[in-house]
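There are 2 protein chains.
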Amino acid sequence: MSDDTSDDSRTEALAAVDAWWRAANFLTVGQIYLMGDPLLRKPLTPESIKPRLLGHWGTSPALSFIYAHLNRVIVDRGVPTVYVCGPGHGGPAMVANAWLDGTYSELFPEVTADESGLKKLVRQFSFPGGIPSHAAPETPGSINEGGELGYSLMHAYGAALDNPGLVVACVIGDGEAETGPLATSWWGNAFLDPRSDGAVLPILNLNGYKIANPTILSRIPEEQLVQFFHGHGYEPILVTGGFDGENPMRVHERMATAMDEAYARICRIWTSARDAKTLAERTTEMPPMIVLRTPKGWTGPVEVDGKPVENTFHAHQVPLSGVRDNPEHLAQLEQWLRSYRPEELFDSRGRPVSELAPLRPDGGLRMSASPHTNGGTVEPLVLPEIDPHAVVSEREDGTLHGSALAGATGVFGEWLRDVVAANPTTFRLFGPDEVASNRLQAVFEETGRAWQLPTVPTDENLATDGRVIEALSEHLMQGMLEGYLLTGRHGLITSYEAFVHIVDSMFNQHAKWLESASKVAWREPVPSLTYLLSSHVWRQDHNGFSHQDPGFLNVVVNKQADIVRVYLPPDANTLLATMDHVFRTENRVNVVVAGKQEQPAWLSLDEARAHVDAGIGAWDWASTGTAEDDAAEPDVVVACAGDVPTFEAMAAVALLRERVPALRVRVVNVTDLMKLQDPDHHPHGLPDDEFDALFTTDKPVIFAFHGYPALVHQLTYRRTNHANIHVRGFIEKGTTTTPFDMVHLNDLDRYRLALDVLHRVPGLEAKSGMRALADEWHQARTDARVYAYEHGEDPSWISDVPVER
Amino acid sequence: MSDDTSDDSRTEALAAVDAWWRAANFLTVGQIYLMGDPLLRKPLTPESIKPRLLGHWGTSPALSFIYAHLNRVIVDRGVPTVYVCGPGHGGPAMVANAWLDGTYSELFPEVTADESGLKKLVRQFSFPGGIPSHAAPETPGSINEGGELGYSLMHAYGAALDNPGLVVACVIGDGEAETGPLATSWWGNAFLDPRSDGAVLPILNLNGYKIANPTILSRIPEEQLVQFFHGHGYEPILVTGGFDGENPMRVHERMATAMDEAYARICRIWTSARDAKTLAERTTEMPPMIVLRTPKGWTGPVEVDGKPVENTFHAHQVPLSGVRDNPEHLAQLEQWLRSYRPEELFDSRGRPVSELAPLRPDGGLRMSASPHTNGGTVEPLVLPEIDPHAVVSEREDGTLHGSALAGATGVFGEWLRDVVAANPTTFRLFGPDEVASNRLQAVFEETGRAWQLPTVPTDENLATDGRVIEALSEHLMQGMLEGYLLTGRHGLITSYEAFVHIVDSMFNQHAKWLESASKVAWREPVPSLTYLLSSHVWRQDHNGFSHQDPGFLNVVVNKQADIVRVYLPPDANTLLATMDHVFRTENRVNVVVAGKQEQPAWLSLDEARAHVDAGIGAWDWASTGTAEDDAAEPDVVVACAGDVPTFEAMAAVALLRERVPALRVRVVNVTDLMKLQDPDHHPHGLPDDEFDALFTTDKPVIFAFHGYPALVHQLTYRRTNHANIHVRGFIEKGTTTTPFDMVHLNDLDRYRLALDVLHRVPGLEAKSGMRALADEWHQARTDARVYAYEHGEDPSWISDVPVER
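Going down the list, the protein sequences come from chains A and B. Just so you know, we're using the numbering used here here: the first sequence kicks off at 146 and counts up by one. Just so you know, we're using the numbering used here here: the second sequence kicks off at 146 and counts up by one.
Next up, chain A with everything else stripped away, as it sits in the complex (with noise of 0.2 Å):
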């Protein structure tokens, strides 16, 4: 770090700042307004404007203030730095900041760096086959879209853990500060470790207005505005300036020592953390934040048709509009552009002036070039066997197919404590306050919580380095994974199934990064998201109705196919398979549904591989007939996806096997949901041909489903036999009940199923005895019920099924 700071270098220096941000912002009025001569080499005609004027001004002078000084304060210190862009609208800025840093040309070739180059660079801001009005995978440096608000700082949070030496710098728009997401992300210092972990500098920018409206931040008295980050834990540095045509080169200096300020503390705090034998030698010194006031839409028009627009929420989109008749607004906008002075900042080439240099930093250490950010950092993840965590069967051919019970993710567990194990600075468990309640305690064995708060002694499982990240927070725990995967790590997410709609939303945008993100060339694949959701509908019994909803499947297979997946493992051994093939996986969102509760065990590992590597099958050791039956077509198939289901399935054709042995029943399972999709819509899909020999193209079909029976009408209705198809699943029957009577509830019972068939199978019902029989299963159900409500728990006959044949 340099010690130079006589006056003379640093006004040099804050010169240096304040040329760049306005050769920042000058690139991004041109990329608002511009379609040609974008340094103004001429007097501005309309011809030059856009037709349709549809970028932002507001936030993006603040973020070009932040970013000069950013790399001010990372040429002077050699950090590395990740620069997280909050606010909405950021893109013009960000894009104009990488375009002087170099980055851009470098990976946009045709976007040279001089004026032809700038030419392309103005016109392509919002325009139709252009680039979008936000931060978005499509800019260098960014892991953060500023479309949808609210996730900037927990994404800042899950980058900085596990980089020991990066600052992520996090400027976060008082708008998007009002989210629930961003409201308690704040809290994401009580899990990052001074000592393994790097830092997160939190930028408020307080520009006074979101779209339409004043902010709550900006408008609380500045002594409360300190509580609520002391509250927080931070310690604020504020910084007020450019207001009533303040000299910006006084808000530089202010801004300047203010990052120093910063970067100093965060120094320090890393090496008290690092070089302390205890924890109580650690600096108690609170973690730096900033605060910075400007006024929304600093630098632009003052006022428009004589009315104010600077520093009100008028400065949000387009300042002046019209430009293209208005001869006015264009005289302004003219006057607007030219005041940033571009014949200092361009050359006659149009490249930026050799002034400017001294604020690019090298390679890398350029935010908009961070390796961290465009996963070019990926350690490949270490997978450890799944062989010695397998259910085994005690029978001498190996099979299992229901002779021992398991837990599915205890069984997942016992492997998910040796991957972190196996990969001790790369992979990360994220969950909100479930992950013992989802019986994945055994990765206690090898870590703990991450926990910087003060601890009593009777804690458990708490550290100050733990692997696990625990909050109540599914928006937190998902941002900070995917900030940690979006900067070239691993890790897995897990929830209950029903909150998971919590995240729909945060899916959805990470997915459409993820989908943008990979026709973007220079952007490496990341790995890939994973949740694992356990405590699902069909186990809910206890919590009741509010608990019971497997609608997180729909949002899911609503995007594109190249992008999702979903994974429903029938037992212990096939989550483990899923879970090895999902893990080596990159670019994807792997959605695993698995229950915690003990149920059979159906395939051996090497089964269950070969299950997953297929993804559907037929399961001829549980269907009836004779083997020689299995070549033939059957009479009905009973298809079954989840594990409650494809347990009450196996009962179904249990109970048919007893009680009407003619019959030919084709047992199919289904474990990659996306295998009941036609390949034209899905990479996974089963070809016709496969799925009419499995599923019959006439024989009725009864499949037991883990979520909304409509999902699976969703994905099969082009098939072939698609009108044979008759689904059970969750139809929204839900209570505080016993596990057998949910599905009864929802018609998802093996006494339904099994009447079901009686009921499809042409001529069946008419069979004699076929009427008495059903008669006995109506009555098994209601008798089942009535015992439940009786004795509180389900029969004991319940769990007693000979599901061989």
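To be clear, the hints were calculated from the coordinates, so they are not data collected in a lab. Note that this is a predicted model, so its numbers are computed, not measured. Just so you know, not all the hints are guaranteed correct.
Which copy? The list can't say, so a pair holds if one copy fits it or any two copies do.
[As the list claims (entries may be wrong)] In silico lysine-lysine, DSBU-like type, Cα no more than 35 Å apart, as pairs: (1) K187 with K452; (2) K264 with K878; (3) K878 with K844; (4) K664 with K878; (5) K844 with K187; (6) K265 with K452.
Once you have looked at the hints, place chain B on chain A.
Frame of chain A, contents of chain B only:
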């Protein structure tokens, strides 16, 4: 208010509070464990223990502690108070207190106020067919389900609006406080006008633990905690007690003082605001909140099997397990139950002893019987005529049929202004800073945005008593509206379509609440929750891919059919008629999607009303062929749902009319989406014969749909002609581009639809000239894109369509 604070009466009052608390705790433990002998008349036997122990203990003692203290204050001061129970698994405490209030037996007459009632009371809890573990619709006095956490404080703020004499006491768990929605809810105080609204009294219970982890707020230093609340604009009153076996009477003392102080402060703030002639005269006192720090599982087993339980996370669920089979645990449970001295609390018939009576407020002052909380206070909504706001025709026959242009939400906004005016204290508009962006700014002619923070001269449309509430948090807006509706008032939430996914889970939980509440006899219907989704997927061309997502509809249709409605009005008048309809409904969730941009007005108001009544219909005036052809079967049906798809479909039909005049095309417009589903699955479902009459049984149907195409298949897969329904909709293709390019990218544009007709009508493709026509239309699509990418806007001929035959 009483001035009687003599030591004796105070001691007596607190003794009663303690007795009430012990009784509630006794009944809570009873509910968790017992299925017989609820008053422990005999020594406890295994047979009296429930076989499955599913309840949770940890949060309940503090909930009842607060309940008893609130009762004391209510009796003392006569201030109507609502109790919002935030923590999860607080059900048994709330039920116990409602029974002690006498309310439970009034509402559930079979649960009598004596021993036989108590037997039912304890047995039903977390028992098959019984009641849930959380405060729920089944819980008297509840407006907040404690299942998915995080919404209590926003519900409380919504309940307090326009209830100027009401205190809404909101108990917040420290786990819940980590969620994003709760974290931003503290800012609800920026919107509450102490002149015309009630007060929210947040009571944060720091019991230290969530499921298996300590909580953040319980571990930060107390000084920091105080700053946290000062920073949020509250004056925190701290009460700590019950640790290390402290005598509860001392904690009662402190809590009573805190409660008195809080209510006194609330009254001072009310009085000051109501007496003040100007804003400046109002007191600047911050509203109070209470931090109650008590041990988790307070008064429960201190240790079990030698391990600490009270004041650790092990107190979260059932502190003593396996009680039926473990005599030691059984003895400990008996000792625990008897520690509350039930013999002092219940008389020989099992009724609460008379010493508790002074703590029981009168009638509707009982929190469990508050008329605000069960829909008992619904004021009818006054709906002005929509007619003056309708788009009118300049034609003699009164038809519009595309002859005028109108922005649907702008037209609706003019009427909405009148709705606001006609219901000055019972209707509110909520939006995440998008009210103006969604073109509803006409409401600001009548009212402002509620805002209690400082203002500056350039502010627009802010008012302390504004009827519009805007914060940049979909969560907070939805939660406040829910609280407002569940306490019997009316409102509307507007959102960008893509970002309403942020509240998917809140929608789910509210729909589940309505579903469960509809089965609770004593709950009155409440006004429906209505969403207006504008700035929808097709007109987010400028904001780009992150803003493009129509998937909320998929989430909505999963919920029970008697709760959800989805409307896609094709134009301004149909939007007016739709809103006029949905505002009159109860107990539903209405989702209305409508654009804000200018579009052709198709239907006169009378036609629109009829279309809304029918929900679906053929538009003969837009079909091709002669009027005589209308009676005949068409060659093809072009169906449409949503404003942009309708426009493209009309343009496609215009192309066909001009170029393939002999083709009989029937235009069917769907405005009530659930008409598509069969009547067995949705009460709005069109009978099969009517569906077949509209869509034919064998002709191709080209369906231009607003959302994901699969949704139409999901809804129609049982229909006769389903195999011929070919849907175009959003297929997750998006970017920053022009409006026409958005439909083009997703194959929903007029040319693609017309080409679909050519390809699907048997024999048409083979007809001479059709190949040339197809080539021409393919070229026209391409030309439009080339024009847009070159000029930055769509070619003008895109909007110039002769739609009428």
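Hint check:
1. For a Cα distance limit of 35 Å, the shortest separation of K187 from K452 inside one copy, 29 Å, qualifies, whereas the shortest one across copies, 82 Å, does not.
2. In this homomeric assembly, K264 and K878 come within 35 Å of each other (Cα to Cα) only across copies, at 27 Å, whereas the closest approach inside a single copy is 60 Å.
3. Proximity of K878 and K844 under a CA criterion of 35 Å is satisfied intra-copy only: 29 Å inside one chain copy versus 37 Å between copies.
4. For the identical chains of this complex, K664 and K878 are inter-copy neighbours only, at 13 Å across copies versus 43 Å inside a copy, given an alpha-carbon limit of 35 Å.
5. Taking the closest pair of Cα atoms, K844 and K187 never come within 35 Å of each other, the shortest separation being 76 Å inside a single copy and 62 Å across copies.
6. When the C-alpha separation of K265 and K452 is checked against a cutoff of 35 Å, the pair qualifies only within one copy, where the shortest distance is 33 Å, while the shortest distance between copies is 70 Å.
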